[in-house]
Amino acid sequence: MAKTILIVDDSASLRQVVSIALKGAGYDIIEAFDGKDALSKLDGRKIHLIISDVNMPNMDGISFVKAAKQLPAYKFTPVIMLTTEAGADKKAAGQAAGAKAWVVKPFQPAQMLTAVSMLILP
Amino acid sequence: MNLDDALDTFVIESRELLENMEAALLQIEQSPDDADLINAIFRAAHTIKGSAGLFGQDHLVTFTHSAENVLDQVRGGHLAISGELVAVFLGVCDHIGTLVDCVAEKRPIPEEAQARSVELIQRLKAVSGEATPAPTTTSQLVEHVAPEAACVREGGGEGVETGNWHISLRFNPDVLKNGMDPVSFIRYLGTFGRIVSIVTLTDALPGIAEFDPEDCYLGFEINYETEADKAAIEAAFEFVRDDARIRILPPHSLVDEYLALIQSFPEEDLRLGEILIRCGTLTRHELERALETQTQARDDGADAQRIGEVLVAQNLVQPAVVEAALQKQKQVKENKTGDASLIRVNADKLDEHINLIGELIIASAGINLAAQKSGQPDLLEAASLLNRLVENIRDSALQLRMVQIGATFNKFQRVVRDVSREIGKDIRLEISGADTELDKTVVEKIGDPLTHLVRNSMDHGIEPADVRLAAGKPAHGTLRLNAYHDSGSIVIEVSDDGGGLNKARILAKAIDRGLIKPDQVLTDDEIHGLIFEPGFSTAAQINNLSGRGVGMDVVRRNIIALRGSVEIESEEGIGATMRIRLPLTLAIIDGFLVEVGNSSFVVPLEMVVECVELTEAEIAASQGRDQLDLRGEVLPFIRLRDLFEIDEPARAHNDQRHSTGAEEDLATVLQPVKRENVVVVNYAGHRAGLVVDNLQGEYQTVIRPLGAVFSGLQGISGFTILGTGMVALILDVPGLVKRVARQETQTHPPARALPA
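Listed in order, the protein sequences are those of chains H and W.
Residues 16 to 137, numbered by my numbering, are exactly what the first sequence covers, in order.
Residues 380 to 1135, numbered by my numbering, are exactly what the second sequence covers, in order.
To be clear, the hints were calculated from the coordinates, so they are not data collected in a lab.
Every residue gets a Cβ at the ideal spot worked out from N, C-alpha and C, and that includes glycine.
Hints are supplied without guarantee of correctness; some may be wrong.
If you only want the chain W side, here are some residues facing chain H, beta carbon under 10 Å, derived [stated by the list, open to error]: (1) E408; (2) D412; (3) P552; (4) K556; (5) R566; (6) D1008; (7) E1012.
Here are a few chain W residues that sit away from chain H, every Cβ distance over 10 Å (derived from the structure) [as the list claims (entries may be wrong)]: (8) A494; (9) A505; (10) V619; (11) A692; (12) L1085; (13) L1108.
Kindly produce the complete structure, drawing on both the sequences and the hints.
Structure follows, in structure tokens:
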């Protein structure tokens, strides 16, 4: 069974590009446009990996990851954070929230694929 | 490198390590606190484990790993050495030996050895007080591999896999909570290489009561085959870097590649870490970690470790690669200094060069003489040009051997620091004149006497702090080293601001030792000189520095052997200065050639002050006292003719007629009256006159030492060969001056001694 990845980003084009790349590699994709929307998608279904942006309206990435980690079903789900810059304080906050993996924007789809496959293989 | 060769090396190395381990184990019962011994045992186990991993000897890795864990506890002070512990480890040591034998014979590990491994691991756990986890068997240990990983394993005795990487992973307990699945990283490795074998280390598993299902307790040893480089492998673990200890050891076959790569680098000034990163054996991240470890160790007050040592100790890089990188670094550095237009020349070559120049000087003197005899203007001109050039060459050649005394002085910073701590005095060292140059041969030989003088000053000269404070001096003593040039000599001074020499005590001691008679009257200099007499020592207490009375006379002997002298200037309560005077060079000097009868003598030119005529009137005025009134000053003189018992000049002139030119002959005819000259020499502030027959003028003198037969000879310090092939003796001016001064004090009371 294909593994499911949740992509959280307010940019539709980014979601699209990443989806195409990951779908091509054999993953199933669920999209969410901000933290709140993403939380609503965490309804108990099996999600193998979360990819989340940091800066988003309504609920930012770090708050979302923190909230997600509170949910028993997603406690052990790996998280890849997307950032525009590798700001040390942001990174520390993200790590405290439970996100250990980071990919810096802008990135090539192939880079994202590599990062994902380090954590889960399709 | 052949794989079988590498395996042989491993076997030999392991056996050696096991021998060391056994020896250390046997010693450690007697001295359980000896950290070196514990480290030796730990190192042996650690190194064997590391190398065994490279050869895919998983059983050996697993077993040694358990032993290493217990040793680590001992090393960390968590576990005390006991008889039982030593007994278990002797068993472990033997068993590792058995396993290594299996490797050597390339046969699988037999059942009973595997059983023995299990038994010993249980015993290790028992002695280390560790709760025994769920029963473990070796077969489980070895074959409990991550089931999903694409791994191939065919029993413990699988062939030598040196062509493969060895990856050692230890995950932190929190890794699962962070959403990281250790297995996913191992699986990812499978996307760009082949996992040949994998060993899961379960020794960190706690008892069931403490077991937390959300914690990760596993470690992995992975034998991995890939074309990728180290950085790529490390990148696979990018997201768990902070949550795991990762060691990636390159295959043996790659080590040679690294070595070749390091050699081929352009010559740039790189730091060790940069070289290793560049050749791919070390990743930047690993280097950062190692640097952190190094800094932390330093902050913890541990002994400073070099970065290379840290890298090897952490199993990040093979020692051979570090060695090669260091070699490269050194090579670059040497070539760099070469860029600063410096060449390193073997000292022997330089000595040979100077010897040849000595010969050249003698030869050119011969040509000069022949030219003068022939009287041909062209030849005379050519000869004088040649002479001048030879002189220049001599100077520049001698300059080659001149080195600054600073390096020698700086060594004493450490000596003074150590000794002052040892004797409990606060003494500071001040250095001046460090750029003064002197002959390399002299520098080499002056170290020992200087050390003696420095230690003597520190020990006897500088008083303890309470005495100093009572005398109104600062509590810390000051020792000064100074050097300067003075009329063709180099002077080295060792001075202190201590109590000075105690004349009364020296006299008492000298009388006690029978060095002088109780009623003898001595000048201050003579009293000070007594401390250089053999067997003299005034220290009330013998300590390990000075006080055995062997130091100072050896100092004087060494300095005299260098054609130098040593004198003391001391003022009680203020301090003392030991002054060493040495010739600038030991090979070639500017000389002043004189004749007495038909013998030639050379006086070192730098000691000649002036030449005056000794008239009959002056001889009469001196009233047979061998003194001369030199512009109102009394100048004692010495007659070389009497001193060396040379025949009367009449015969000498006859001889000379044959040996020298017509001009000389003419001079004799023109001045039939007996005529003498006085060469006024100056040495260390003392003046004296040397009475000779003829003055020949400046002469480049190549000093030849006298043979051992003549070592007792007084007044002569060497000889040289003249252009005519005749031999001229070099006068020992310091000796002669001292002789004159002594005659003076013997004929006159000390108070009237010549002013120094």
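Results of checking the hints against the structure:
Annotation: interface hint on E408(W) violated; nearest CB of chain H at approximately 47 Å, more than 10 Å. For the restraint placing D412(W) at the interface with chain H, the shortest Cβ-Cβ distance is roughly 42 Å, beyond the 10 Å limit, so the hint is violated. With a least beta-carbon distance of about 14 Å to chain H, the hint placing P552(W) at the interface is violated under the 10 Å criterion. The criterion of a C-beta within 10 Å of any C-beta in chain H is met by K556(W), whose closest approach is roughly 7 Å, and the hint holds.
This hint holds: R566(W) has a C-beta 5 Å from the nearest C-beta of chain H, less than the 10 Å allowed. Hint on D1008(W) is violated. Least Cβ distance to chain H is approximately 91 Å, over the 10 Å limit. The beta carbon of E1012(W) is not positioned within 10 Å of any beta carbon in chain H (closest approach about 84 Å), and the interface hint is therefore violated. Remark: the non-interface label on A494(W) is consistent with the geometry, its nearest Cβ contact in chain H lying 38 Å away (cut-off 10 Å).
No beta-carbon of chain H is positioned within 10 Å of the beta-carbon of A505(W); the least distance is around 35 Å. Separation of V619(W) from chain H is inadequate, the least Cβ-Cβ distance of about 7 Å not exceeding the 10 Å criterion. The beta carbon of A692(W) is kept farther than 10 Å from every beta carbon of chain H, the shortest such distance being approximately 28 Å. Against chain H, the non-interface label of L1085(W) holds: every CB pair exceeds 10 Å, the least being about 78 Å.
Annotated as non-interface, L1108(W) keeps its C-beta farther than 10 Å from every C-beta of chain H; the closest such distance is 83 Å.
Checked against the numbered hints given earlier, this structure breaks hints 1, 2, 3, 6, 7, 10; the rest are met.
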